[in-house]
Amino acid sequence: MNVAVLKTKAEQALSEAFSGAAAELPGSSEIRKLRLDAMGRFGALGLPHRRVEEWKYTDLRNLVKEVLPAPAASKGVSVADIEAALGALAGLEAHRVVFVDGRYEPDLSALVANEDVSAASLATLLDNDTSAVELLDVSGRDDDAVLALNTAYAADGSVVDIAPLATLDKPVLLVFVRASETPAFVAVRNVLRVGEGAIATVIEAHVTLPKAARDFQLNAATKVIVGKGAKLGHVKVALEAGGGVHLSNWLTELGPDADYAGFHFTASTGLARNQVAVTFAGEDARIDLSGAFLAREGQHIDTTLVVDHAVPKCVSRELFKGVLEDHARGVFQGKVIVRPDAQKTDGKQMAQVLMLSPDCEFDSKPELEIYADDVVCGHGSTSADIDDDLVFYCRSRGIPEAEARALLIESFIGEALEKVEHEGLRDALGELAHNWLRRIEPARSVA
Amino acid sequence: MLEIKDLHVKLADEDREILKGLTLTIPKGEVHAIMGPNGSGKSTLAYVLAGRDGYEVTSGDILWDGESILEMEPEERAAKGVFLAFQYPMEIPGVAGFTFLRTAVNAVRKARGLPELSTPDFMKFVKAKAERLNINTDMLKRPVNVGFSGGEKKRAEILQMEVLEPTLCVLDETDSGLDIDALRIVSDGVNSMRSPERAMLVITHYQRLLNHIVPDRVHVMVDGKIRKSGDASLAKELEKSGYAEYQSKAA
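Same order as they appear, the protein sequences are chains R and S.
Each step along the first sequence adds one to the number in the numbering used here, with nothing skipped, and position 131 is 131.
Each step along the second sequence adds one to the number in the numbering used here, with nothing skipped, and position 164 is 164.
There's no promise every hint is true.
[Unchecked claim] Distance condition first, Cα-Cα at most 30 Å in a straight line; then the derived DSBU-like pairs of lysine-lysine:
hint, chain 1, residue 1, chain 2, residue 2
1, R, Lys313, R, Lys344
2, R, Lys348, S, Lys141
3, R, Lys56, R, Lys335
4, S, Lys110, S, Lys127
5, S, Lys141, R, Lys170
6, R, Lys335, R, Lys65
7, S, Lys153, R, Lys419
8, S, Lys141, R, Lys419
9, S, Lys225, S, Lys28
10, S, Lys124, S, Lys28
11, S, Lys141, S, Lys129
[Stated by the list, open to error] Ranges between beta-carbon positions, derived for each pair:
hint, chain 1, residue 1, chain 2, residue 2, range
12, S, Thr119, R, Ser28, 56 to 62 Å
13, R, Val376, S, Ser68, 56 to 62 Å
14, R, Glu423, S, Gly21, 55 to 61 Å
15, R, Gln12, S, Asp53, 51 to 57 Å
16, S, Leu70, R, Glu423, 54 to 60 Å
17, S, Arg112, R, Glu361, 41 to 47 Å
18, R, Glu93, S, Gly66, 54 to 60 Å
19, S, Leu63, R, Pro210, 48 to 54 Å
20, R, Asp385, S, Ser68, 29 to 35 Å
21, S, Gly147, R, Ile440, 31 to 37 Å
22, S, Met123, R, Arg439, 26 to 32 Å
23, S, Ser68, R, Arg439, 31 to 37 Å
Calculated directly from the structure, the hints in this document are not laboratory data.
Positions of the beta carbon are idealized from the N, C-alpha and C atoms, including for glycine.
Just need the whole structure built from these sequences, with the hints factored in.
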């Protein structure tokens with residue numbers, strides 16, 4: 001029924017731009033066909049709008065009126081620039097892989113491939129490796145128009161492989177730097193493959209250089225495959241100051257007995273959609289999805305989760321905390337599907353926001369589809385202002401009102417940050433939240 | 001010196017007067033106790049001194065060190081040396097005790113024109129005081145008052161008072177919820193702070209606390225006014241006779 005007869009200007013532009021861009025995109029003829037098919041699907045679906053249930057509160061067709069061109073090549077970005085943009089994350093000891101405007105920059109990266117971990121450029125693999133089709137392939141998700149655009153347009157990204165039984169000594173930090181001084185559209189596809197029994201943390205950090213254009217469009221997708229008994233901490237930090245659009249899609253598949261902790265930290269992005277789809281492919285696996293989102297002015301941050309308990313005896317936990325100021329809007333959609341065979345499923349979900357202004361809005365939609373009868377599933381959602389009595393308690397101890405409020409908000413977010421296992425990263429996120437609440441710009445916090 | 005002059009206070013969103021012309025003077029170096037039945041306005045007085053929202057002063061004044069504090073924000077009053085020990089200390093999930101104390105102490109020091117304390121200096125400063133109140137490091141690492149027993153909360157409250165070094169201490173029903181041992185620890189803490197530079201106001205329902213913190217003056221408060229004042233022996237008298245005599249007078 002999704003026949004879009006009338007196309008918006010943006011939809012038309014995306015289709016038209018593709019014919020020009022296709023020749024420049026990496027990949028063999030097989031991959032070209034995959035891209036062309038994806039573009040065909042997008043053509044039929046169009047940009048998702050409010051009558052598409054999954055996009056009810058984030059009407060992309062209405063919010064994205066124009067399509068930005070590809071970025072011009074950015075020159076002269078230095079390691080120091082990236083350190084400054086990373087702010088609190090700069091001090092993190094990590095295998096660093098840097099992308100500038102969506103393009104891999106080996107000279108700015110610091111990852112020595114070894115027997116435990118490698119991070120290859122998607123562009124290089126698509127051009128040289130015949131088995132690379134699977135990196136772009138997202139079959140089974142044909143109804144996702146944003147993902148289809150990603151498949152069509154993804155020019156580069158990181159393909160991270162972690163060897164079976166490896167335990168990484170430090171996290172892999174994928175840094176996506178926005179540098180283009182003219183507004184640009186960037187599509188990135190990452191793939192994380194964690195071998196059986198391996199233990200790792202992978203961070204995707206989206207940051208902005210001070211001179212970058214305010215406006216941008218990012219379409220990022222990450223395919224995650226966690227092998228049997230493996231453990232992955234997967235964290236995304238979106239700090240793209242500006243008024244742009246950040247569309248993120250995680251597709252995670254867990255083998256038996258795997259352990260996956262996904263975390264989203266999003267602050268001050270004009271429009272962000274953090275979509276996570278998890279499929280349990282083997283029994284006794286466990287996911288913990290959590291995050292903190294901070295929005296003010298007219299910012300809009302959407303968290304949409306789909307957890308598919310396709311097999312028995314898996315555990316899912318979800319905890320998202322948001323802070324909304326001014327006329328910002330937060331969206332939380334949490335779908336949990338428990339298939340008929342998925343007995344002994346244990347699922348819990350919680351979304352909580354602090355609404356600090358009468359003009360902000362929070363839309364919370366839990367969707368539990370339970371087809372098995374021996375399961376434990378629960379969900380909850382709260383929205384409230386800061387407790388005035390607590391503010392007074394702090395002020396009576398000499399803490400000025402603004403500081404008291406910031407302290408209480410930090411403590412509210414803190415419960416979500418506690419979910420991040422890596423201590424250095426957790427502290428860095430705490431600092432980012434601290435700075436956001438006090439309106440300290442990320443770039444200035446390291447000065 | 002604390003001077004409360006003919007203070008009339010009503011609830012901000014209700015036409016109900018709670019303090020009805022209260023007058024009280026506490027010179028520095030003295031400890032005064034206010035005793036009174038439930039609903040006499042004792043806690044309202046404590047909150048109005050600390051600057052809590054929700055009350056409206058319709059007439060009268062409160063001077064501390066000769067300066068009216070009525071227009072001051074709660075944090076300004078704290079910087080001027082006003083401290084209220086809460087009857088029900090609040091729980092702040094997610095904020096560690098150390099963090100809370102350090103934030104408060106440094107905010108107050110900054111406002112008083114003193115340099116902020118470094119973390120090691122602060123730890124030393126707090127730990128010595130905490131030890132005397134039987135508060136261990138583990139308690140200070142936990143979120144403020146979360147999961148604390150009634151006695152632990154009151155001890156933590158006294159620790160806050162000690163580290164903020166106030167000059168006007170208001171203790172609201174500090175004895176409620178305390179067993180004998182906790183009462184002794186808390187009272188020792190309060191007594192150790194008695195000084196010629198400091199005025200204290202102890203609000204209580206029972207005489208019991210005043211066996212441990214012996215006041216210079218005792219005031220009987222009923223229906224929003226001081227009805228009688230006397231020395232420490234007045235508290236003992238009240239313990240026998242109760243408030244009935246004053247209540248009938250007020251009515």
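Right, here's what the structure says about each hint:
1. R:Lys313 with R:Lys344: holds, 5 Å
2. R:Lys348 with S:Lys141: holds, 29 Å
3. R:Lys56 with R:Lys335: Cα-Cα ~14 Å, so holds.
4. S:Lys110 with S:Lys127: Holds: Lys110 (chain S) and Lys127 (chain S) sit about 21 Å apart, inside 30 Å.
5. S:Lys141 with R:Lys170: Distance ~28 Å between Lys141 (chain S) and Lys170 (chain R) Cα, so the pair holds.
6. R:Lys335 with R:Lys65: holds, 28 Å
7. S:Lys153 with R:Lys419: holds, 28 Å
8. S:Lys141 with R:Lys419: Measuring from Cα to Cα gives roughly 19 Å; hence the hint holds.
9. S:Lys225 with S:Lys28: With a Cα-Cα distance of about 22 Å, the restraint between Lys225 (chain S) and Lys28 (chain S) holds, given a limit of 30 Å.
10. S:Lys124 with S:Lys28: Holds - the C-alpha atoms of Lys28 (chain S) and Lys124 (chain S) are around 29 Å apart, at most 30 Å.
11. S:Lys141 with S:Lys129: Answer holds: Lys141 (chain S) to Lys129 (chain S) is near 15 Å, not above 30 Å.
12. S:Thr119 with R:Ser28: 56 to 62 Å: Once the Cβ atoms are compared, 58 Å apart, the range 56 to 62 Å for Ser28 (chain R) and Thr119 (chain S) holds.
13. R:Val376 with S:Ser68: 56 to 62 Å: Distance hint for Val376 (chain R), Ser68 (chain S) holds at roughly 60 Å.
14. R:Glu423 with S:Gly21: 55 to 61 Å: holds, 58 Å
15. R:Gln12 with S:Asp53: 51 to 57 Å: For Asp53 (chain S) against Gln12 (chain R), whose Cβ atoms are near 56 Å apart, the range 51 to 57 Å holds.
16. S:Leu70 with R:Glu423: 54 to 60 Å: This hint is violated: roughly 47 Å between Cβ atoms.
17. S:Arg112 with R:Glu361: 41 to 47 Å: Distance hint for Arg112 (chain S), Glu361 (chain R) holds at roughly 42 Å.
18. R:Glu93 with S:Gly66: 54 to 60 Å: holds, 57 Å
19. S:Leu63 with R:Pro210: 48 to 54 Å: The hinted range 48 to 54 Å holds for Leu63 (chain S) and Pro210 (chain R), with Cβ atoms some 52 Å apart.
20. R:Asp385 with S:Ser68: 29 to 35 Å: holds, 31 Å
21. S:Gly147 with R:Ile440: 31 to 37 Å: At roughly 32 Å between Cβ atoms, Ile440 (chain R) and Gly147 (chain S) fall inside 31 to 37 Å, so the hint holds.
22. S:Met123 with R:Arg439: 26 to 32 Å: holds, 30 Å
23. S:Ser68 with R:Arg439: 31 to 37 Å: For Ser68 (chain S) and Arg439 (chain R) the Cβ distance comes to about 34 Å; the hint holds.
Hint 16 from the earlier list is the only one contradicted by this structure; the remaining hints agree with it.
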